[in-house]
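S.K.: Residue numbers (my numbering), protein chains in the order written: chain Y, 86 to 619; chain H, 146 to 450.
Each hint should be verified, as a subset may be incorrect.
[Unchecked claim] Calculated pairs, EDC-like style, for lysine to aspartate or glutamate (alpha carbon to alpha carbon, straight line, at most 16 Å):
1. Lys-194/H / Asp-230/Y
2. Lys-383/Y / Glu-304/Y
3. Lys-294/H / Asp-230/Y
4. Lys-208/H / Asp-316/Y
5. Lys-575/Y / Glu-591/Y
6. Lys-417/Y / Glu-534/Y
7. Lys-383/Y / Asp-316/Y
8. Lys-575/Y / Glu-590/Y
9. Lys-185/Y / Glu-246/Y
[Unchecked claim] If you want a taste of the chain Y side facing chain H, the calculated C-beta under 10 Å gives, among others:
10. Asn-202
11. Ala-209
12. Gly-211
13. Ala-387
14. Asn-513
15. Asp-559
16. Glu-563
17. Ala-566
18. Tyr-574
19. Ala-577
The hints are simulated quantities; they were obtained by calculation from the structure and are not laboratory data. Just so it is clear, the structure is predicted and the values come from calculations on it, not from any experiment. In this text, a Cβ means the ideal position worked out from N, Cα and C, and glycines have one as well.
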Amino acid sequence: MKKRVTAAFLAVMMVGTLLVGCGSKSGDQQANSSQSSESEATSGAEDGASTETEGTDAAPAADSGEAAEIVFAYMTQNNIPEAADLQRIEDLINAYTAEKINTKVDLVLFSNADYMNQVNLMLASGEQIDIFQAYGTSHLPYIQDGTALDITGYLDNELKETKDIIYDNFLKPTTVDGKVYGIKNMGSNYVPGGFTYRADIVEELGIDMSKVKTPQDMEEVFAAVKEAYPDMIIIDPNRANALIDAYLGKMIGIDPLGGDISYAFSGVAYQDDPTVVNMFETQDYIDFCNLTHSWYEKGYFASDAATTTATTAELLMSGNCFGTFCGLGNPKIAAQYTTNYGHSFDNVQVSESMVYAGSDGAWMVNSACKNPSAACKFMNLLYTDAYLDNLLVYGEEGVDYVLNEEGFAVAPEGYTDLNSVAYTDNMNYYFWGNKWITYPVPGGLNAEESEKQMALNYAGKLSNYYGFLFDFSDLQAEYTACQNIANEYKKALWVGAVDVEETLEEMNERLYAAGMDKLMESKQTQLDEWLSQQ
Amino acid sequence: MTKKKKKPFNKNTLSLFLIALPGCLYLFINNYIPIMGIFIAFKNYSYAKGIWDSPWCGFSNFKFLFITNDAWTITRNTLLYNLAFIVLGTIMSVFLAILLHEMGEKLRGKFFQSTLLFPHLLSWVVTAYLVYALLGSSNGFINNTILGKDNAIDWYSAKNLWPIILVIVYLWKNAGYTAIVYMAGIAGIDKEIFEAAQIDGASKVKQIFAITLPMLRPTIIIMTLMSIGRIFYSDFGLFYQVPMNSGALFQTTQTIDTYVYRGLMEQGNIAMSSAAGVYQSMVGFVLVVLANFIVKKKDPENALF
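Model the full structure from these sequences, guided by the hints.
M.R.: Following this line, the structure appears as structure tokens:
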């Protein structure tokens with residue numbers, strides 16, 4: 086009897102907790118916001134700019150006299166700095182921004198790999214986060230569900246200088262229904278396809294690289310190197326997708342319309358024909374696969390290219406790899422390879438440049454931001470203010486870096502290289518704001534070369550579909566299913582490790598069974614609508 | 146039925162209750178309160194609107210688990226692997242437990258016990274690279290030394306071999322650990338029974354089958370019932386790390402957990418991942434109740450509840 090009573094009681098309690106969920110909607114939201122204002126920092130000093138997850142929840146600027154406080158979430162590929170060093174940089178920034186735009190900034194720093202997860206967590210839990218990026222993911226969902234603030238109104242005031250300085254049509258990918266919701270980071274607008282190779286081997290074998298203009302031209306080079314060094318891995322398998330990018334994307338002009346061109350499973354379009362087609366059935370793709378397959382057969386890829394886990398860095402450092410396909414956004418990237426990997430590298434261009442309809446990388450202001458004007462002013466500084474930008478990228482001058490006579494940023498006395506200083510984020514130099522105002526590193530572009538490169542970037546060729554955003558929110562199931570299938574085959578096809586006809590047939594069959602035609606249909610409808618609005 | 150004696154509520158019972166309290170509280174907060182969150186799986190969750198204001202969307206978040214042939218492949222994989230693990234794992238663990246028991250309690254027994262336990266303490270990443278060292282197609286031990294260059298098999302593209310490989314890896318990693326549970330069970334058997342059997346002329350093997358195994362039955366049944374509850378879950382480390390994320394192997398090594406991870410990491414779709422979790426736990430729950438029901442019919446003393 087007692088058992089039954091206890092059991093019944095527990096059951097009622099469990100059901101009760103279920104019902105609690107149904108009732109208080111607004112009640113819980115209020116509970117959330119009252120919690121965030123409770124944990125106010127005592128007095129102005131921003132505390133524990135922790136390197137992990139929490140940014141201090143700051144009180145909103147009550148009156149115009151007091152500085153507004155915003156939270157800026159950004160990412161790093163370098164070592165995460167100690168809390169004290171991050172605080173030091175934050176203080177420097179605050180001293181500057183408090184004066185210039187009456188705003189204090191709380192820096193929240195995550196590693197590249199963690200960034201999106203952590204930002205999503207902060208958004209989901211209602212923590213204060215004012216400026217963030219859709220890093221490596223589409224920014225469309227954030228726009229559609231209202232997380233991104235409509236900044237069209239700020240473009241002519243707080244963001245005026247940014248608007249003047251960005252590339253032409255740069256706001257197109259972040260504009261939906263005529264309203265602007267974010268700004269992409271001004272990285273490279275001109276990224277021709279390229280191949281970075283061992284300069285010493287080329288010299289030794291007397292190969293003339295000036296004849297190389299297309300990826301197919303590289304075949305002769307590969308053959309020569311293979312003959313001289315039969316055991317060498319000629320092409321790095323990790324970046325074989327850069328080859329697709331160069332060949333199909335930039336040379337032929339296929340636009341993945343928001344997907345990743347190396348495994349575009351939701352349909353692509355050619356420049357001159359706005360029909361969405363299945364990339365895996367186009368003759369160009371088949372030709373590409375046949376090309377890589379022939380290279381694989383000739384041994385330019387290692388036999389385990391499809392499954393190896395050795396990274397590009399490992400292969401190049403080992404000295405047993407001839408080169409890798411890459412994008413040449415930085416025309417002197419070979420110099421970086423040379424310093425980092427210990428052998429001498431050079432690069433050659435194998436295709437022109439074209440920028441596709443990309444749907445990721447937008448920096449946005451949180452619609453829950455209490456002081457959007459201040460946030461926009463800060464964003465404006467990111468694109469136009471060299472002092473602020475370099476503080477974020479390189480740290481404090483004299484302590485974390487020094488400028489040498491040529492104007493390059495180098496490690497200060499007592500440090501071996503820029504990566505070992507207390508605060509540095511130099512590998513992410515183009516991830517936010519405007520990369521042209523960031524100091525170069527040795528091997529990068531000096532002032533003169535930078536001018537030339539800037540001109541190329543401002544004139545960078547854009548795809549006809551630049552700005553198109555693909556919304557697949559009601560086809561999530563098909564999208565996930567197709568993505569999984571494409572993931573299965575992509576690497577094997579990039580390195581040509583499998584029989585082309587058979588594999589493509591199998592893959593296409595499975596993709597259609599998973600609903601790829603629905604994705605393509607939806608894309609076509611959206612594309613037609615978007616084109617009619619242009 | 147004996148009448149239950151009423152236990153007096155004195156200081157002893159109170160202190161026992163207090164000892165259990167933190168654990169119960171933790172269990173309640175960590176395991177029972179989150180059950181409330183199941184409804185996320187039925188919402189079209191958006192960060193801006195939060196949990197309460199996101200619109201309901203019925204079962205559409207579950208669609209991706211059933212819509213394609215792949216969905217049935219992953220369910221099949223998960224189920225079959227777990228069945229193999231339960232059956233072979235139990236046999237292996239009991240076998241090891243019996244052997245270890247024969248080893249005695251001195252240094253020899255302890256040594257073997259520790260050695261068999263050691264694989265369990267390695268992380269899956271380390272294990273994956275150990276397997277890679279054996280099966281790597283250009284540098285692996287098996288291809289280079291045992292098979293020779295001419296007979297080399299491209300292990301990471303041969304999807305039909307992997308069910309066997311993964312079962313072996315799983316057994317290597319877990320059998321020693323589970324054996325400890327069974328060892329405790331065996332240690333609890335009264336020595337006199339064995340002596341009596343010996344006097345009666347029973348051989349070692351006969352003793353094992355007539356005494357040890359039947360006495361272990363309750364333990365085996367409980368362990369199996371608990372494993373059945375997790376039959377739709379899979380050890381993520383085993384299925385994601387060991388095949389080295391090789392696409393060619395997906396057909397035979399992809400389970401529900403890895404499918405959800407690969408598909409939804411990019412999209413960050415919380416509602417769909419919750420749907421997968423709900424699906425797994427619901428099915429597990431139904432199966433446990435069913436299995437317990439069957440056990441109750443056959444062997445009422447050994448049922449879980």
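S.K.: Give a verdict on every hint.
M.R.: Each hint, compared with the structure:
no.: 1; hint: Lys-194/H / Asp-230/Y; in the structure: 7 Å, holds
no.: 2; hint: Lys-383/Y / Glu-304/Y; in the structure: 10 Å, holds
no.: 3; hint: Lys-294/H / Asp-230/Y; in the structure: 57 Å, violated
no.: 4; hint: Lys-208/H / Asp-316/Y; in the structure: 49 Å, violated
no.: 5; hint: Lys-575/Y / Glu-591/Y; in the structure: 13 Å, holds
no.: 6; hint: Lys-417/Y / Glu-534/Y; in the structure: 10 Å, holds
no.: 7; hint: Lys-383/Y / Asp-316/Y; in the structure: 12 Å, holds
no.: 8; hint: Lys-575/Y / Glu-590/Y; in the structure: 14 Å, holds
no.: 9; hint: Lys-185/Y / Glu-246/Y; in the structure: 15 Å, holds
no.: 10; hint: Asn-202; in the structure: 8 Å, holds
no.: 11; hint: Ala-209; in the structure: 5 Å, holds
no.: 12; hint: Gly-211; in the structure: 7 Å, holds
no.: 13; hint: Ala-387; in the structure: 7 Å, holds
no.: 14; hint: Asn-513; in the structure: 20 Å, violated
no.: 15; hint: Asp-559; in the structure: 8 Å, holds
no.: 16; hint: Glu-563; in the structure: 7 Å, holds
no.: 17; hint: Ala-566; in the structure: 4 Å, holds
no.: 18; hint: Tyr-574; in the structure: 6 Å, holds
no.: 19; hint: Ala-577; in the structure: 6 Å, holds
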